[in-house]
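Single-letter residue listing:
There are 2 protein chains.
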Amino acid sequence: MLDAWALSGRYVRVLATIAVATLFLSSATATEVQQAISVMPAPATVQLLPGVLLIAPNFSAGIGGHEEPRLDNAARRLVLELRRQTGMQLSTKLVDASSATVEIRVRHASGPVQDVGEDESYSLDVDPGGAKISAANPLGAMHALQTFSQLVEITPTGFGVPALHIEDAPRFPWRGLMVDVSRHFIPVDILKRNLDAMAALKMNVFHWSLSNNQGFRAESRVFPKLQELGSDGLYYSQAEMREIVEYAHERGIRVVPEFDMPGHSTAWFAGYPELASGPGPYSIEREWGIFDPAMDPSKASTYQFIDKFVGEMSKIFPDRYFHIGGDEVNGKQWDANPKIQSFMRAHGIANNHELQAYFNERVQTILQKHGKIMIGWDEILTPALARDAVIQSWRGQKSLAEAAQKGFGGILSFGYYLDYMWAASQHYAVDPAANEAATLTAGEKQRILGGEACMWTEYVSAENFDSRVWPRTAAIAERLWSPQDVRDTDDMYRRMETMSWRLERMGLAHRTGLNAMLRRMTGSEDVSPLGVLADAVEPVKEYTREQLAQSAGKTLTSDLPLNRLVDAVAPESEVSRRFTKSVDDLIAGHFWDPASEAQVRSVLVQWRDNDSRLQPSIQKSFLLKEIAPLSEQLSSLGTAGLQALDYLDHAEHPSDDWKLRQAALVEQSKKPTADLLLVIAPAVQKLIQASENGR
Amino acid sequence: MLDAWALSGRYVRVLATIAVATLFLSSATATEVQQAISVMPAPATVQLLPGVLLIAPNFSAGIGGHEEPRLDNAARRLVLELRRQTGMQLSTKLVDASSATVEIRVRHASGPVQDVGEDESYSLDVDPGGAKISAANPLGAMHALQTFSQLVEITPTGFGVPALHIEDAPRFPWRGLMVDVSRHFIPVDILKRNLDAMAALKMNVFHWSLSNNQGFRAESRVFPKLQELGSDGLYYSQAEMREIVEYAHERGIRVVPEFDMPGHSTAWFAGYPELASGPGPYSIEREWGIFDPAMDPSKASTYQFIDKFVGEMSKIFPDRYFHIGGDEVNGKQWDANPKIQSFMRAHGIANNHELQAYFNERVQTILQKHGKIMIGWDEILTPALARDAVIQSWRGQKSLAEAAQKGFGGILSFGYYLDYMWAASQHYAVDPAANEAATLTAGEKQRILGGEACMWTEYVSAENFDSRVWPRTAAIAERLWSPQDVRDTDDMYRRMETMSWRLERMGLAHRTGLNAMLRRMTGSEDVSPLGVLADAVEPVKEYTREQLAQSAGKTLTSDLPLNRLVDAVAPESEVSRRFTKSVDDLIAGHFWDPASEAQVRSVLVQWRDNDSRLQPSIQKSFLLKEIAPLSEQLSSLGTAGLQALDYLDHAEHPSDDWKLRQAALVEQSKKPTADLLLVIAPAVQKLIQASENGR
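Protein chains in written order, with this note's numbering: chain U, 1 to 695; chain A, 696 to 1390.
So here's chain U without its partners, still in its complex pose:
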């Protein structure tokens, strides 16, 4: 919404286009070549060549070598994407490979059930006459098609793709997105568009967390009370789950279902209290947190139930992996149950940790019976577990390293929690093979399979789901796909913004959804002043929202509407990132550039004047009352920044009184209000400090 800052992105791209035209002539570095195109995740190697392939009205795709319907569909999806990109009425009819504009050659089929570590590599050759894609199997070809469509740019003569040679393959075989559909139900159509987005980012695992205390979201026909009493009617039918599995498979994405046990399982007990270790009745949990109910590991009937249930779900989810959760059991129900205590004594089980290990081992046997491999969170890691089990770590690389040394596979989710509301750059800096994992032997390192972004949905509904996942997940996707040395954060942001709009064009609503929510809050078509504030704030980070509620004596529940400003604004503010960078550049350059200063000033003026524009909306809307102090602070910071620049420009020294007042303002502005942080405050503080020091 701040055009001045939006401009800088454009200039970068103009430069990038010029770069494409000239780089092949010079001896460009790998980084320079990467920066000349906007593919995300960055391919392993790119070699630019002279010329451009123009997208003509008779553009066509054709399959040579191994053929299968999934590959045909992927080729047709490329044409549909190019239609959206160009507005041209291209034909989706596939032609003979030898005469196709894009020739796709695949050597053989991929497995009937997609597996971890299948060959996903591809090569892509573009010259002015056409493009050739070569891959071992359809998975690589589908990745190549994503790369191709991301290379299309508008040029002075038409839509074109630069001539080039790309050899590409993923760094990690497991690149996932976990979605918690228990805390809030996410409808099928939204999941589907997110699978489209995952495919665009070359992600290959959709980890579907289908049950937790707050809801059991999968239809069971064997145990129908699971969804009937455990979901408020919000669950996926078996047909819908099969539809998602098929939709994902068509896009080279595995679906790993998770049914958390023995803890995080209150929703199971609403229908089947006999599974629990404590007396019922149970109803689904409306609050957030860790709760006492846990399955009874001492009863044979518990395992019989799980056996039947896993058998039923195995027919729906063909993937070799089955996620049992296994996290955060507090053991209180076990301690309080005399039968469980005597069971432990009879079996020489010393403590709850061992009891859970016992449970896991029995569940693993059940999974093996149904041809499944167990995956679970850190807590499942116990010595007696069969070595094909995979650990998903929310604790960090140390857990992965320990698991790898013991022979277990591991995937990292520590550092990839999207609900933490981190900046993309923070996620981008987290590497599954770093820290303790960096010291592993080569063989052990093979067991670090990759990672998963995690979308826990306590404050995420169908309406803001996309904006919580995208575009930040693109940074995690790149970390998991691209070579380890791809780590230029500025260039990542440049490509992530391009990707962000690309995803919107594909049907995601992470950007346009914001304005719809702002219009609700203002009750008016004019959201520009609220937009200015929305662009300058971010939601509080990690678990601060819970902590603030606790301090205020409030209980957060699943019934609360997610219609506040904190629920609408992007997790990371582009405006703040750009403003901060401009201020840093201005200070580093000792304020020598009047144009840059004018740009910073124009933003500060907008902020200064914003509160009076926003006040009428605040007056009429109960949803905006809580942000009144934030709006005032933004205006005060705008004023403070402008005054600081005035001192600098006039080479005057601010008074001690002024300094004290600004320090108090900045301090106040850094405290959360309405669960929001005024993230532009530190940059304004830098201007204030600079004015105290002079140029």
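Just so you know, these hints were derived from the structure itself, not from any lab. Every residue gets a Cβ at the ideal spot worked out from N, C-alpha and C, and that includes glycine. Be a bit skeptical, because a hint or two may be false.
To be verified - Not close to chain U: a few residues of chain A, all C-beta gaps over 12 angstroms, as computed: (1) 966; (2) 1206; (3) 1249; (4) 1287.
Claimed, not checked - If you want the footprint, here are the derived chain U segments under chain A, 3+ residues with CB under 8 angstroms: (5) 145-157; (6) 586-593.
As the list claims (entries may be wrong) - Simulated pairs of lysine-lysine, DSSO-like, Cα-Cα distance not exceeding 27 angstroms: (7) U:225 with A:788; (8) U:93 with A:1366; (9) A:827 with A:788; (10) A:887 with U:192; (11) U:315 with U:299; (12) A:1034 with A:920; (13) A:1320 with A:1276; (14) U:554 with U:541; (15) A:1354 with A:1276.
Once you have looked at the hints, place chain A on chain U.
The following block gives chain A in isolation, referenced to the frame of chain U:
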């Protein structure tokens, strides 16, 4: 994109809210009451009462009296719409009517097949404790539910509906939207969201023009070559057509299919050349215009074909009316066919007009056999036609008046052609009962059934369809529903803008689609300078696009991509309308108000500075080359307007040279460029003229 102008809308709404709170205390006029709410089309009578009904978390709807699934679904759709409006997790479970927040009472069912003139009236009573809807049948109740949801506004204490009493009924029983899916195919999902929009505007006829020279879009199983050779594979399956009929019926909308005959029928002949009056072979037409091919009215086999085809389609389309088009037969194939000529002589048919009348009468007999009533364009009006036929007039109220006098029903489409790219106010001013129709007797007037907005799709694709239809069709919907004396254009625009955003929230893409198209043209995320230009222009009007192509020796075809600026921009510029109004107010007030002048100046500054911001995009995009002169003109007009204000402010007289140069600029700016009109030019011209006259 011009925030300064967006503001004025907001203030109007702030005033409106205050008005709601105070109007019931005073003796407000009907107009004042209408202006206090934002319902469109304006209800027949509204009486405001003290108090507000707040939408609480336990909000519920319940059905009393006659019940049917369609009514249940409509009530649930209300809850879903309120969820979107409020972000609250309201339950869609219907409750007992007596305990419901919104109690819906309907006296009896509507007919199994919805008919013209069914009772659509309703009353709506809202008080702080709840709302009551009363209607004769579900049609009226569905309209009442639309009214209710449009009354919800954000307030300082929550989402609320003002207490009031509404009695409402339509002025005309036939309120339609015709969609031509032949020139460009419009997918089912887009049709569905447009049916949602129609229902929101209380429109009740979807006239589906399924065949024309450029495509036959309905699946026939009796004559499969119709779609196989006549559609490029872009057609609706019978299941899809049934789905649309059902979707429309659920929303109180009739579906009238049109299969144009005997002319406009080349697409039929691609598969069945034996139907034509001239020798084949035929292929579907790629150009626009009126073409020679016409069905052969002299052969019995033609009528046998039509009989079987109508029989097949009658099973899919239950509506009593069947549209046969019947327009624009040039007769050349008839003249050239000796068999037809001898047939005419043998039957005493004097000319082509009589020959078409003969054809129509025979087709009418076929329709009657299948229980259908004929509807067609003006040309079908001939004396021997059975009197239940209905005339749809593209010619004007005179045709309707003539038809009514002869006993035929009529609907108006003259003045409602959306492809003319008129302003909403122009359509709003067209009244089916005006001009010649105003002089009819009361009985004859009954035969004026209403009207239909017409969306001919030569330059309309799936991508820009919504923006060509909405929000302007809302003005036509209001003309057809509301009392004849509802004609305050400013208030219509106020409510139409509210409705425009409401439709976006429902899933229409007429506003957000623009930016996606602009991003394609710039090849960048930053579209703000192109947006400034886009907001200042409109597509050329009526048939100018064809005329300009003809003068340039270009042929327009269905293969041309619709990805130019003219295809993206809104048919009517909100910015231009507001700017023009501000300039008019400024001049009328003799420039006494500095704040208003500052606002006008800020817009002119933005225009003046825009070309240099837009140039980098123009340089890199082949799609933007053609708008370079427009961009320069916009900047020049910005400069001219500012200079004019300077002269006025300084009480100086501009030089003759300056005046001459500005006159040349304005003249040039009024000419179309790239099929676009710089519609802000006349307002700038007024400023220039004012500066010549002084304050």
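Hints, verified against the model:
No Cβ of chain U approaches the Cβ of residue 966 of chain A within 12 angstroms, the least distance being about 19 angstroms, so the stated non-interface status holds. Taking the minimum C-beta to C-beta distance to chain U, about 10 angstroms, the non-interface status of residue 1206 of chain A is violated against the 12 angstroms cut. No Cβ of chain U approaches the Cβ of residue 1249 of chain A within 12 angstroms, the least distance being about 16 angstroms, so the stated non-interface status holds. Every Cβ of chain U is farther than 12 angstroms from the Cβ of residue 1287 of chain A; the closest lies at roughly 23 angstroms, confirming the non-interface assignment.
Evaluation of the coverage hint for the segment 145-157 of chain U: fulfilled, as 5 residues show C-beta separations to chain A shorter than 8 angstroms, against a requirement of three. Closer than 8 angstroms: that is the beta-carbon criterion, and the segment 586-593 of chain U has 0 residues meeting it against chain A, so the requirement of 3 is violated. Pair hint residue 225 of chain U plus residue 788 of chain A holds up; C-alpha atoms about 20 angstroms apart against a cutoff of 27 angstroms. At most 27 angstroms may separate the alpha-carbon atoms for a hinted pair to count; residue 93 of chain U and residue 1366 of chain A exceed this at roughly 42 angstroms.
For the given pair, residue 827 of chain A sits about 18 angstroms from residue 788 of chain A by alpha-carbon distance, which is consistent with the 27 angstroms threshold. This hinted pair checks out: residue 887 of chain A and residue 192 of chain U have alpha carbons roughly 20 angstroms apart, not beyond 27 angstroms. At most 27 angstroms may separate the alpha-carbon atoms for a hinted pair to count; residue 315 of chain U and residue 299 of chain U meet this at roughly 26 angstroms. A distance of roughly 26 angstroms separates the Cα atoms of residue 1034 of chain A and residue 920 of chain A; the hinted pair therefore holds under the 27 angstroms criterion.
For the suggested pair residue 1320 of chain A and residue 1276 of chain A, the alpha carbons sit about 31 angstroms apart, so the restraint of at most 27 angstroms is broken. Annotation: proposed proximity of residue 554 of chain U to residue 541 of chain U holds, straight-line Cα distance about 18 angstroms (limit 27 angstroms). Distance restraint check for residue 1354 of chain A and residue 1276 of chain A: the Cα-Cα separation of roughly 23 angstroms lies within the 27 angstroms cut-off, and the hinted pair is therefore satisfied.
The structure shown violates the earlier hints numbered 2, 6, 8 and 13.
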